[in-house]
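Protein chains in written order, with the UniProt record's numbering: chain A, 1 to 363; chain B, 1 to 497.
Bear in mind the hints are in silico, worked out from the structure with no lab data behind them.
Honestly, I wouldn't trust all of these hints.
Claimed, not checked - Some but not every residue of chain B turned toward chain A, in silico, with C-beta under 10 Å:
no. : residue
1   : H56
2   : S333
3   : R436
Claimed, not checked - In silico negatives: residues of chain B with every beta carbon more than 10 Å from chain A:
no. : residue
4   : R113
5   : Y179
6   : A204
7   : E233
8   : G253
9   : S345
10  : R353
11  : E368
12  : G390
This structure is a prediction, so every number in the text was calculated from the model and none was measured.
Even for Gly, the Cβ is constructed at its ideal location relative to N, Cα and C.
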Amino acid sequence: MAEPMADQMGAALGLIRRALSVPLSMRVTLAAFAGSLVIGLMLIGLLGVPLGAAARVAAAGAFGDMRAISDTLVFMTPRLLVALGALVAIRGGMFNLGGEGQLQMGAIGAMLPFLAFGDIGVALLPLAILSGAICGGIWATIPALLKLWRGADEVIVTLLMNFIAIFFLKYLVQGPMQPVGSNFNMSAQLPSAGTLPLLIEGTRLHLGVVLALVVAFGVWVMLQHTAFGLALRASGASPGFVRLQGQSAGRMIVSSMAISGMIGGLAGAFEVLGVQYRLIDGFSAGLGFEGLAVAFLAGLEPMGAVVVSLYFGAINSATLSLQSQLSIPSALAEILSGLPIILLAVISGVLLAKGRPVWTSTR
Amino acid sequence: MSAPIIKCDHVSKRYPNGFLALENVTVDLYPGEIHALLGENGAGKSTLMNILYGVHEPTGGGLLLNGREVRHTRPGDAIANGIGMVHQHFKLVMPFTVAENLALVAKGAARARLRRHADVRTFMAEFGIELDPGAVLGDLPLALQQRVEILKALVNESRILLLDEPSTILAPSEVGALYDTLRRIRDRGTAVAVVTHNVDEVLANADRYTVLRRGRTVGTGHIAGADADALVELIVGRSVATGSRIGPYRTGGEPRLVLAGVSIRPGRGSPGLSNVDLELRAGEVVGVAGVEGNGQTELFELLAGQRLPDQGRITLPKAVALVPQDRHHEGLSLDLPVSQNLLYSEIMRRRYRRAGLLDHAAIGNRAEAMIEAADIRTRSHATPARALSGGNQQKIVLARAMAEDAPVIAVYQPTRGLDVAAAEAVLARLAEAADRGTTVVMISSNIEELIRVSDRIVVLNGGRVTGEVSGAGMVIEKIGPLMTRAVAPGKEGVAHG
Chain A
1 MAEPMADQMG AALGLIRRAL SVPLSMRVTL AAFAGSLVIG LMLIGLLGVP LGAAARVAAA
61 GAFGDMRAIS DTLVFMTPRL LVALGALVAI RGGMFNLGGE GQLQMGAIGA MLPFLAFGDI
121 GVALLPLAIL SGAICGGIWA TIPALLKLWR GADEVIVTLL MNFIAIFFLK YLVQGPMQPV
181 GSNFNMSAQL PSAGTLPLLI EGTRLHLGVV LALVVAFGVW VMLQHTAFGL ALRASGASPG
241 FVRLQGQSAG RMIVSSMAIS GMIGGLAGAF EVLGVQYRLI DGFSAGLGFE GLAVAFLAGL
301 EPMGAVVVSL YFGAINSATL SLQSQLSIPS ALAEILSGLP IILLAVISGV LLAKGRPVWT
361 STR
Chain B
1 MSAPIIKCDH VSKRYPNGFL ALENVTVDLY PGEIHALLGE NGAGKSTLMN ILYGVHEPTG
61 GGLLLNGREV RHTRPGDAIA NGIGMVHQHF KLVMPFTVAE NLALVAKGAA RARLRRHADV
121 RTFMAEFGIE LDPGAVLGDL PLALQQRVEI LKALVNESRI LLLDEPSTIL APSEVGALYD
181 TLRRIRDRGT AVAVVTHNVD EVLANADRYT VLRRGRTVGT GHIAGADADA LVELIVGRSV
241 ATGSRIGPYR TGGEPRLVLA GVSIRPGRGS PGLSNVDLEL RAGEVVGVAG VEGNGQTELF
301 ELLAGQRLPD QGRITLPKAV ALVPQDRHHE GLSLDLPVSQ NLLYSEIMRR RYRRAGLLDH
361 AAIGNRAEAM IEAADIRTRS HATPARALSG GNQQKIVLAR AMAEDAPVIA VYQPTRGLDV
421 AAAEAVLARL AEAADRGTTV VMISSNIEEL IRVSDRIVVL NGGRVTGEVS GAGMVIEKIG
481 PLMTRAVAPG KEGVAHG
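Just need the whole structure built from these sequences, with the hints factored in.
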C-alpha cells in the first residue's frame with residue numbers, strides 16, 4: 001500500500017518538476033500575464049463591479065459565441081502580423097521599431113490598385129495585398145539602406161519614420177484620396193470585389209485572419225527550416241561569425257528589413273481590405289506598437305506570437321463587452337495590453353540585477 | 001636617487017577564473033627615471049599597470065606611495081595620487097580639438113590654467129611639444145595623437161606616468177621623438193614607466209628595467225651595464241620546456257598563397273604591416289611568431305580575404321579555411337546547435353537541403369559523424385555551442401575548417417585558453433592536415449607550440465617580417481631576438497638548420 005503511494009508521489013513530483021523546468025523566459029512571461037490579469041481584476045473591483053460577473057462577461061465577450069471568437073481573431077490579426085514583422089527584423093539584428101509606419105504604408109499601398117485601375121474585378125484583391133506588402137517593404141528597406149550606407153542607427157530612423165508615415169496618410173485622406181465634396185478624413189470605399197471576403201456570415205471574420213496564420217507558419221518555417229533563416233539568425237546573433245564565413249552582413253540587414261516591412265505592410269493592408277474597406281485617418285491607433293510588445297512577449301518566436309496576439313485580441317473584444325454591458329471603460333484594454341510588457345520588463349530586470357539573465361542574445 | 005615614489009610591494013593578482021597573473025611582484029619606481037617593464041604576452045605587464053592605475057585590485061601585497069600604503073580601487077584614486085596613464089588604445093575624443101581634449105580631463109586649478117589657447121601652448125612647451133591647440137584630434141597623425149594622450153596624463157600634475165606599449169604604433173623613426181618627450185618629463189622629476197617588449201628601445205632610452213615572465217619578476221637593474229642578449233634571455237627564458245616534435249619536417253610544394261610587398265597602414269594601437277613578403281606552399285606548416293599586436297591581426301584579415309593591402313599584392317587561393325582568434329564571436333555562433341555550427345558553411349553551399357528546406361535529419365547524422373571523428377564532447381548535436389567547454393568549442397571550429405578541404409587553412413592563436421590535452425589535439429590535427437598536402441599557416445604567440453609543429457617560422461615584429469627560421473634553426477635563442485629586438489630594414493635575420 002505504501003509503496004504504490006510513494007511511486008505515485010514520485011511520479012507526481014516528477015511531473016511538477018518537469019512543469020517547472022520550462023525555460024525561465026517562459027515562466028517569466030506567464031508570470032507577467034498572470035500578474036496583469038490579477039491587476040486588471042483588481043481595477044474592475046475598484047470600480048465596484050462584482051468580479052464574478054465581470055469575468056463571465058469578459059469570457060463571453062472574448063470566446064462566448066462565434067461572433068465573439070471572430071472579433072477576437074480580427075483583433076488578433078494586425079497585432080500578429082506586426083509582431084511577425086518585428087521579430088524577423090530583430091532576429092536578423094535590426095531593431096525595427098517602425099511597425100506602425102510600415103503598417104500605415106501597407107494600408108496606403110492596399111488602396112493604390114483601386115485608385116489606379118478602378119474596379120477591375122477579381123484581380124483587384126491580390127493586387128491590393130501585393131501592393132500593401134511592397135509599400136511596407138520599401139518603407140522598411142529605407143532605414144536598412146541608410147544604416148548600410150551612412151551608419152544611421154535603425155532604432156531612431158525606424159521610430160521617426162513612423163510619424164512620417166502617419167502624417168503622410170493623414171495628408172492623403174485630407175487631400176488626394178479624399179473624395180470630392182467629402183469632409184471626412186477618409187478615402188472612398190473599396191468595391192466589394194476588392195475586399196477580403198468574410199468567412200462566416202454575420203461575423204467580421206475575414207480571410208486575412210487565415211492568411212495571417214499562414215504567414216506565421218511561413219515565418220516559422222523560414223527561420224527554422226531554411227538556410228536563409230539560419231543565416232538570418234546567425235547574422236543577427238553573431239555578425240562576426242557570419243562575416244568570417246564570407247557572407248555579407250549588409251545583404252542580411254536589407255533582406256530581413258524588407259521581409260519585416262512586407263509583413264508589417266500586410267497588417268495595414270488587411271485592416272483596410274478586411275475591416276475598414278477604406279483608408280481612414282487614425283485607423284491604427286498604435287497597432288504597430290502593440291505588435292512590437294507582442295513580439296517581445298512571445299520571446300521573438302513566431303508560434304509564440306500567435307498565442308500572445310490571441311491574448312491581445314481576446315482582451316480587446318472582452319473589453320468591448322465589459323463596456324457595453326457593465327460600463328467598464330474600454331481603456332481597460334489598453335491597461336491590460338500594456339501591463340504584461342511592463343511586468344515582463346520589471347521581472348526580467350530584477351532577475352538580471354540578481355545575475356540571472358532571462359534572455360540570451362537569440363536562439 | 002632617494003626613495004621610490006611608488007612601490008608595488010609583493011603584489012599578487014589572481015583573477016576570478018583562477019588564473020594567477022602576478023605572483024609576488026615587487027617593482028620600485030623612482031622620481032626622475034624612465035623604467036622599462038619588459039616581458040612577453042601574458043607576462044603580467046598590463047596587469048601590473050592596471051593595478052597601479054586602479055583598474056584591478058591586487059589579491060596580495062599592496063602599493064606604497066612615498067612609503068605610505070595606498071589603495072587604488074578605481075582609476076580616480078590613482079589619478080588623485082598623481083598617476084597618469086597612456087593607454088595603448090587612445091582614450092581621446094577624436095572630433096574635439098587638442099585644447100578641448102585636455103580641458104576635458106583637467107581638474108580644478110589645472111582647468112583654470114588651460115583656459116586660453118596660449119596657456120595650452122605654454123603647457124605643451126614645458127614638455128617640448130609644439131602642437132596647434134585648435135587642431136582637431138582626428139586630423140592628427142597617430143604619433144601626435146599619442147603626444148596628446150601623454151599630455152592628458154600630465155594635465156593634473158602627475159608625478160608618475162605609465163605608458164602601455166607606446167612604441168608599437170610608431171614607425172621606427174618616430175620612436176626617438178617619443179623618448180625625447182619622455183626624457184623631458186623625466187627631467188622634471190616624474191617617474192616614467194614604459195611597458196614594451198623591444199629590448200633595443202629599452203637599451204637606448206631607459207634608465208632601469210624590470211623583466212616579468214609568467215607573472216614573476218625575473219630580473220631588474222640599471223640599463224648602464226645591461227646587455228641585449230642577457231635581457232632577451234630573461235624575457236623569453238633560457239630553455240622553454242620544449243615538448244616533442246609533432247610530425248616530420250616537411251618541405252613545401254608549389255606556392256599557394258603569396259604576399260608581395262604587402263603593407264597596411266598603422267591604426268588603432270597596431271603597427272599595421274610594412275612591406276611583407278611571404279610565400280606559403282603546399283603541404284607545409286608555416287608558423288608566424290611574434291609578440292601580440294605586431295601586425296598579426298592584419299595578416300589574418302588579409303588571409304581571410306577580409307581586407308585588402310594598402311600597398312603590394314596578395315594572391316589568394318580559391319578558398320582559405322579559417323580558425324579565428326575570437327572563438328566566441330567569429331569562430332562560432334554560440335546559440336546555434338553544435339550541428340549547425342559544424343556544417344554552417346556546407347549548408348550555405350546549398351547542401352543538406354530537401355525540397356528547398358533544411359534536411360535536419362541529414363545534418364544531424366553528418367554532425368554525429370564529425371563529433372565522433374573530432375572527439376567533441378557534447379551531450380548531443382542539438383546542444384547549443386555555448387554549453388560546451390572552450391576546448392570542445394575549438395574542436396568544432398577546427399573540424400568545420402578541416403571539412404572545407406580548402407588548399408590553405410589559416411589558424412590564429414588556435415590553442416589559447418585550452419587545457420594541455422585539448423591543445424595537443426588541435427596541434428595534431430593541424431600537422432595531419434599538412435601531411436595531407438594542405439598549407440597550414442599558424443599565427444601564434446606561443447613559441448613553443450610553433451616550434452613543435454611548424455616547418456618554418458617567420459617572425460613579425462613591429463609590422464615587419466624580421467626574420468625566418470626553419471628546421472633545426474627553430475630555437476628560442478634565434479626567435480627571441482627577432483621578436484624583441486629592433487631590426488634595421490634590410491638586415492633581416494635568416495637562419496636555417
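Comparing the hints with the structure gives:
{"no.": "1", "hint": "H56", "result": "21 Å, violated"}
{"no.": "2", "hint": "S333", "result": "4 Å, holds"}
{"no.": "3", "hint": "R436", "result": "23 Å, violated"}
{"no.": "4", "hint": "R113", "result": "38 Å, holds"}
{"no.": "5", "hint": "Y179", "result": "37 Å, holds"}
{"no.": "6", "hint": "A204", "result": "40 Å, holds"}
{"no.": "7", "hint": "E233", "result": "38 Å, holds"}
{"no.": "8", "hint": "G253", "result": "26 Å, holds"}
{"no.": "9", "hint": "S345", "result": "6 Å, violated"}
{"no.": "10", "hint": "R353", "result": "7 Å, violated"}
{"no.": "11", "hint": "E368", "result": "19 Å, holds"}
{"no.": "12", "hint": "G390", "result": "16 Å, holds"}
Violated hints, listed in ascending order, are 1, 3, 9 and 10; each of the other numbered hints is respected by the structure.
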